[in-house]
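Assemble the whole structure, with the sequences as input and the hints as a guide.
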Amino acid sequence: MDAIALDRVRPRRAAPRWRDDPQALARALLAPAILYIGLLVGFPFLLALYYSVSDATVGARVFHFVGLENFRSAIENPTFWQALRNSIVFTVVSQALVVVLGKAAAMALYRPFRGRALVRFLILLPWVAPISLGAIGWLWIFDPVYSILDWVARALHLIGPDAWPIWLGQPHLAMASVILVNVWRLAPLATVIILAGMSAIPQDIHDAAAIDGAGFWRHLIRINLPLLMPVMLVALLFGVVFTFTDMIVIFVLTRGGPYDTTQVLASLAFFTGVQGGDLAGGAAIALFLFPVLAAVAIGALTLARRAEVV
Amino acid sequence: MIAPGQAPPGAAERPRIVPRAEASAPAPRRGDARADADPAAKIEARALSKGFAEVSAVAAVSLAVRNGEFLVLLGPSGSGKSTLLRMIAGLETPSSGDVLIDGAVVTDLAPRSRNVAMVFQSYALYPHLTVFENIAFPLRARGVRGRALERRVLDASAAFGLEPLLRRKPRQLSGGERQRVALVRAIVREPTVLLLDEPLSNLDAQLRATAREELREFQRRVGTTAIYVTHDQVEAMALGDRIAVLDRGALRQVGSPHEIYEDPADTFVATFIGSPPMNLVRTAGALLGVRPEHLLPRTHFAAAEPITALPVRVGRVEYLGADRLAYGTLDDPWPHDPVVVRWPSTIAAALRAGERQQLFARDTDLKRFDPGTGRRAQ
Amino acid sequence: MRAARRLRRPLAAGGRFALLAAFVAFCAFPFYWMLITAFKSTTDLIEVSHNPLVFNAPPTLAHVRQLFVETQFGQWLLNTLAVGVAVVAITLVLAVPAGYALARLAGRGGHRLAIGIFLTYLVPPTILFIPFARIIAVLGLQDSLWSLVLVYPSFTVPFCTWLLMGFFKAIPPELEEAAMIDGLSRLGAFVRVAVPVAISGVLATVIFTLTLVMQEFVYGLTFITSSSAYTVAVGVPTFLVRGDVYFWGAIMAACLIVSLPIAALFTLFIDRFVAGFTVGAVKQ
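Protein chains in written order, with my numbering: chain C, 1 to 310; chain P, 1 to 378; chain F, 1 to 284.
I should point out that these hints are in silico values taken from the structure, not numbers from a laboratory.
Hints may contain errors.
[Said to hold, decoys possible] With the C-beta cut set under 8 Å, the calculated list includes, among others, these residues of chain C facing chain F: (1) Leu84; (2) Arg85; (3) Val119; (4) Ile141; (5) Thr261; (6) Ala266; (7) Ala286; (8) Leu287; (9) Leu301; (10) Leu303.
[Said to hold, decoys possible] Some chain F residues flagged as far from chain C (calculated, every beta-carbon gap over 12 Å): (11) Asn51; (12) Leu61; (13) Gln66; (14) Gly74; (15) Val85; (16) Ile127; (17) Gly140; (18) Leu145; (19) Pro172; (20) Leu210; (21) Thr211; (22) Glu216.
Everything numeric in this text was worked out from a predicted model, so none of it was measured.
We treat Cβ as the ideally placed atom computed from N, Cα and C, and that holds for glycine.
So this is what it looks like as structure tokens:
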């Protein structure tokens, strides 16, 4: 090759500027969010870890390292075990109900009909209402004296005129009540997520199944559910996160009572750490939540991706 | 007359197309030029390679596109044709090799600094902008403002009958209208080269023929050098000044549609181009290729023409209106390889299943390929 | 067989209707109950012999008046709105670029990073508010709305990054490629094409952030002590619950006043919102 030609086509290998380099750009665009998350989630999280191995209390200025003492005392506390059991019951039962209800409602809402927008608006209300106020609404519904549920049940002669069920004051009834409120709060979100997933399934598949002679149940079990699996897992994941970490419903309705029968880990951590002033003990209890959630989240996301067929 | 196992005499007489662009010697229009210093080359790929996760998508492709030329990159899916186009556009970074535009290396330049235009398979019209703003977009990005901007958009739209559509959004356009908007948006900035990535594949068959014609007419009018990617050989033959055939990342042949069809450089090109594809017959030491329409009755050849007898046992006949296709096997003394015969309806002779037809082909229509490499044998 | 099928259709339609009616009643009944409670006179409310489902005495605005006159509800609404706007702004500034980078630029590592960011959303407030309380104290932000502005993005940013990643993944990459060829930089293609095309997704994120902020209770309860700095979710239960005495009417009115507009807004964007939700989780 001659020198002249080489000179003419001299490479213009200018270093690409960051605005065009995907990697540099990715770093620049991600940095603020990651910095923020690092400072305001990562750092406090580490602080929480530190508290959990110290003797921190609300008033104290100086903490001492106490090793796993807080975890030990948490584990030795029967209330902790009761709260863990309650957390699991509360989460599993309400999520099972949420998913079944959500799926059924989504199927009923799938085909357009007059007034669907209104129905959707009404269904969404529980999800957007501030839950602290929504829960107080339920407190009024469950009121020992003025409960509308009692009144309706008496009017329908389901219970006698002198029966006064104390919805939030009897152990099993209290758990059922907080589960009911939690389902009320989370079913709308599950419904719309599942509805979106259903709309994403091509109509051809439904038609093919109908031509192949699949009836309602067969269609549901062989076609609908497998195709919806990823979306339903996502709905489930969010439901579990909201349920497991949230304490507002229980804080407002029962404060964990009666006799800690509705106490869950999140509320126990709050009562111990903030209201009881035992920061270290509260942090130790709260930390039990995280590994469980992380495992559930990773599991659900992996399954959702694996189950993805369309 | 060629006996089985004997080389067809025509094969040695003609210069062969070597499937490397540097040596795509018989340049049809602008004389012989080596790509290394091709003064007419508008766009050049030099030993361009791209690997994705250890899979080589494009392997050392060298190719020169001449000024004003319409070059088609043709290949099956996975052949690397789109990757090659995207490397020229600057949307992919090559693993090695260089892209040259107007003689300057642009390999490390961002797409916007190359002055290339591209029409995508989906047209990629900006859904949030009107047709006017879509066409104005590349001009605005280059700092054209005010009256100058408006004039250029309006001129370009007027030239291609888009004025009535200027205030619409892309979703309100038909498929053909979208293509026109995409093309006008591409050329309004007067690019060095127009890159087209299967722009017709989203149209239905009927619209596609019209759109193809419109596209070719469009390119002739604006005179912009164009590189067009497709997997459809009919499109390639109809549109291309030259066709570059790719397979599994490698360039197999570059040439005019006529060269590609009549003188395939290897068995891949021979069997990829043409429908039905070229018949390949095993002979001693070579593969012998013959196009289905070249197998004819004796009466179609002059007495003095050098021809070879290729008897065919017909298995099945398809009547396609303008053509008849016969599927069968070659008969003794040839190996019983499957062959397809294609006769236009102008040939009256009968073609019946089960019969043995004494067919012939011109010796010049018999192409020899190396059975090991698949390349044309000299 | 045919008769059975002919019967099945109206049965299925009836079943569907009954199911929907029951579900709507379950979801909406508490709000009907709130509505009627908010406008009932107190004597009507507590008279056990009355039918509680209807007005037995003329409706009254006493509870709404109590809410606005006797409490600082108006101030709380403004506080909530101010915190909401500030948190939305911070969230968008951080999450839009991050969501885009994860969807388009970060390559194979991006997926793992996306899951990592999502996991930070799972760190429950019950873990974080104890250290947060210290940090807020050190920064001298106790009892200031700024403490909420600082802390709320800790749960909105991870979640919205995840949502926005889904919206950006749903945009055909060709649009940005076309923009780059048309003369924009990679960054320009993001700002001038990807963001405008994803705008309805961004709006859905805004509304979602607003609902999260409006709902939040634990941090507000912990960091804010003076009534003039309360948000609605904290102020109403704190002020209208005095020991065992609940001002039901006023509480219900407050709940309705904040829920109805947000629910209406949410209905408009619910499809976009859900699309981002599912794409982000499922698509690679």
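Hint check:
1. Leu84: violated, 14 Å
2. Arg85: Status violated, d = 18 Å.
3. Val119: With a minimum Cβ separation of about 6 Å from chain F (threshold 8 Å), the hint on Val119(C) holds.
4. Ile141: Nearest chain F Cβ about 6 Å off; hint holds.
5. Thr261: violated, 20 Å
6. Ala266: holds, 5 Å
7. Ala286: holds, 4 Å
8. Leu287: Since chain F brings a Cβ to about 6 Å from Leu287(C), closer than 8 Å, the hint holds.
9. Leu301: holds, 6 Å
10. Leu303: This hint is violated: Leu303(C) lies away from chain F, its Cβ roughly 11 Å from the closest one there, beyond 8 Å.
11. Asn51: violated, 8 Å
12. Leu61: Nearest chain C Cβ is 19 Å from Leu61(F), so the label holds.
13. Gln66: holds, 15 Å
14. Gly74: holds, 16 Å
15. Val85: holds, 17 Å
16. Ile127: violated, 4 Å
17. Gly140: The claim stands: Gly140(F) keeps its Cβ more than 12 Å from every Cβ of chain C (closest is about 16 Å).
18. Leu145: Correct as stated: the minimum Cβ-Cβ distance to chain C is 16 Å, above 12 Å.
19. Pro172: At roughly 17 Å from the nearest Cβ of chain C, Pro172(F) sits farther out than 12 Å, so the non-interface label holds.
20. Leu210: violated, 9 Å
21. Thr211: violated, 5 Å
22. Glu216: violated, 9 Å
In this structure, the earlier hints numbered 1, 2, 5, 10, 11, 16, 20, 21, 22 are contradicted, and the remaining ones agree with it.
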